[in-house]
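Visitor: Spelled out from the first residue to the last, the chains are:
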Amino acid sequence: MRRFFLILGILTCCTLAYANYRGWVVLNSVFPRTWEHKEPGKPGIFHK
Amino acid sequence: MDGEQPSTAQPQPQSRLVQTFACPNCGAPVTIRASGHTVVVTCRGCQSLIDVATPNHQIVSRYVSRRKFEPLIPLGSRGELFGNPYEVIGFMVRSDTESEFRWQEYLLFNPYHGFRWLAVANGHWNFLTMIKEQPSGASDGDVRYDGKNFALYFRGRAQVDYVFGEFYWRVRANDVVKVADHIAPPQILSVELDQGERVWSLGQYVEPDVVRGAFKVETPFPVKVGVAPNQPSPYPRIGGPFFFFVALLLAIQVLTDAFAGKEPVYQSGFEYARTAPDKVKVTPPFELKGRASDVEVVSVAPVNNHWLELRMSLIETNTGKTVSFEQGVEFYSGSDSDGAWSEGKHRHRILLSSVPAGTYYLTITPQGSTDTSYSVAVRRDVPAWSNFWIALTLLTLPAMLVGLLRYNFETRRWADSEFSPYQSSSEEEE
Chain G
1 MRRFFLILGI LTCCTLAYAN YRGWVVLNSV FPRTWEHKEP GKPGIFHK
Chain E
1 MDGEQPSTAQ PQPQSRLVQT FACPNCGAPV TIRASGHTVV VTCRGCQSLI DVATPNHQIV
61 SRYVSRRKFE PLIPLGSRGE LFGNPYEVIG FMVRSDTESE FRWQEYLLFN PYHGFRWLAV
121 ANGHWNFLTM IKEQPSGASD GDVRYDGKNF ALYFRGRAQV DYVFGEFYWR VRANDVVKVA
181 DHIAPPQILS VELDQGERVW SLGQYVEPDV VRGAFKVETP FPVKVGVAPN QPSPYPRIGG
241 PFFFFVALLL AIQVLTDAFA GKEPVYQSGF EYARTAPDKV KVTPPFELKG RASDVEVVSV
301 APVNNHWLEL RMSLIETNTG KTVSFEQGVE FYSGSDSDGA WSEGKHRHRI LLSSVPAGTY
361 YLTITPQGST DTSYSVAVRR DVPAWSNFWI ALTLLTLPAM LVGLLRYNFE TRRWADSEFS
421 PYQSSSEEEE
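Chains G and E are the protein sequences, given in the same order.
Residue 27 in the working numbering sits at position 27 of the first sequence, and the numbers go up by one each step.
Residue 254 in the working numbering sits at position 254 of the second sequence, and the numbers go up by one each step.
Honestly, the hints are just simulated from the structure, not real lab data.
Where is the CB? At the ideal position from N, CA and C, for every residue including glycine.
Among the clues, some could well be false.
Unchecked claim - Chain E side only, calculated, beta carbon under 8 Å to chain G, not exhaustive: (1) Phe245; (2) Leu248; (3) Ile252; (4) Thr256; (5) Ser293; (6) Asp294; (7) Leu351; (8) Ser353; (9) Ser354; (10) Asp381; (11) Ala384; (12) Ile390; (13) Ala391; (14) Leu394; (15) Leu395.
One chain only, chain G, in its complex shape (with noise of 0.2 Å):
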């Protein structure tokens, strides 16, 4: 169980590490799952 624990906490600390080097937010954020593709060239174009 001590050695889950020691997994665990490093995981954790190596994902904080890279989420923030990422970019990454978990809260209160839009991820970039929610991108869309627009026609390029078309500003100004937007759709609901």
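Starting from the known structure of chain G, fit chain E onto it as the hints suggest.
Guide: Then chain E, alone, in the frame of chain G:
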């Protein structure tokens, strides 16, 4: 377990150690397995206790127990424990004079290593070795031995209820000695005080299956009941690693915050008029540089008892990749019988996760309950402390669970002790 342990048991051939003679009471053959060390032996036929240290083998007592106890490990059984072979030569049942709590003790013998004990209570086993060094500290309180602190667990008087086999001191039924147990799981330090002599034994918790396997006992042992005084906890102490990782998480977040760019990339003010034909605003392109990182969008509107909703899209000019989101600003205030009140905010903040570098612009479609001005500000690489709080929660929940399980285990361990550190003051008063 009082008496003297032969300190220098010399290697002797087995044949010289085993002797047989006729019981002076009933004539049945009596075998001594540790000749030269054994002082008393019981006759299997009449249970008379015979003093074999005297030349003519005097009978110490013709005690016949009203209740006969069957040993869990038959006398004469041989087995290997902690790397050495032992033979079971004595069996004793003892009890606490106050609570009548009863336990069994088995005397083990190895001609090269001397005597050891196996004690079993409530299905929990201990392997005990007499020690010559006196632990420091008072025997009626916590003591230190071998660099470890042993907490006082039990103090009382132990009475011999039944003896069978051979022993290295003149034991007899109804003998009473003062005893105390001190624990540092998985070890236990037991002391017996008899006629001014203190005898200390160091015990190690042993799983029943290890004992049963070692002596090849076929009948199952009694199941374990409760938690033994020195039973190792399955829930380790994780306070040290927990605080280390919390400090590490905090360091990671503080460093992230310190080195974050927090770069303002766009800021502008707009006017919203409900009657205007074209309310959609398009910002000029702005650059998001460097590695992928988050983008903060903050909208501010000085509304009062009104609301403003902004539907936005962040669009990459070259690829057309778009992320859409909404921001709502609302603020209400007034007064009632309880006094002045207000709710809502003039400001709304949202973070766009992991936005790659590129040239972007925003489209803003406002909708509101009143005409108002509003502003939109965009910043790049803004640290999100929510990540830290989530990581801290992920670390804290398992730590709290393990801590609670460990606390529960320790309270069960100390439940039968009058020296429990988990007793409340009200319990102590009782």
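Visitor: Next, verify each hint and record whether it holds.
Guide: Hints, verified against the model:
1. Phe245: holds, 4 Å
2. Leu248: This hint holds: Leu248 (chain E) lies near chain G, its Cβ roughly 5 Å from the closest one there, short of 8 Å.
3. Ile252: Cβ of Ile252 (chain E) sits 5 Å from chain G, so the hint holds.
4. Thr256: holds, 4 Å
5. Ser293: holds, 3 Å
6. Asp294: holds, 4 Å
7. Leu351: Holds: closest Cβ of chain G sits about 4 Å from Leu351 (chain E), inside 8 Å.
8. Ser353: holds, 5 Å
9. Ser354: This interface hint holds because 4 Å falls under the 8 Å limit.
10. Asp381: holds, 7 Å
11. Ala384: It holds, given that the least Cβ distance between Ala384 (chain E) and chain G is near 4 Å, below 8 Å.
12. Ile390: The hint holds - Ile390 (chain E) has a Cβ within 8 Å of chain G, the shortest such distance being about 6 Å.
13. Ala391: Hint on Ala391 (chain E): holds, closest Cβ of chain G at ~4 Å, below 8 Å.
14. Leu394: It holds, given that the least Cβ distance between Leu394 (chain E) and chain G is near 5 Å, below 8 Å.
15. Leu395: Leu395 (chain E) check passes; min Cβ-Cβ to chain G is 5 Å, inside 8 Å.
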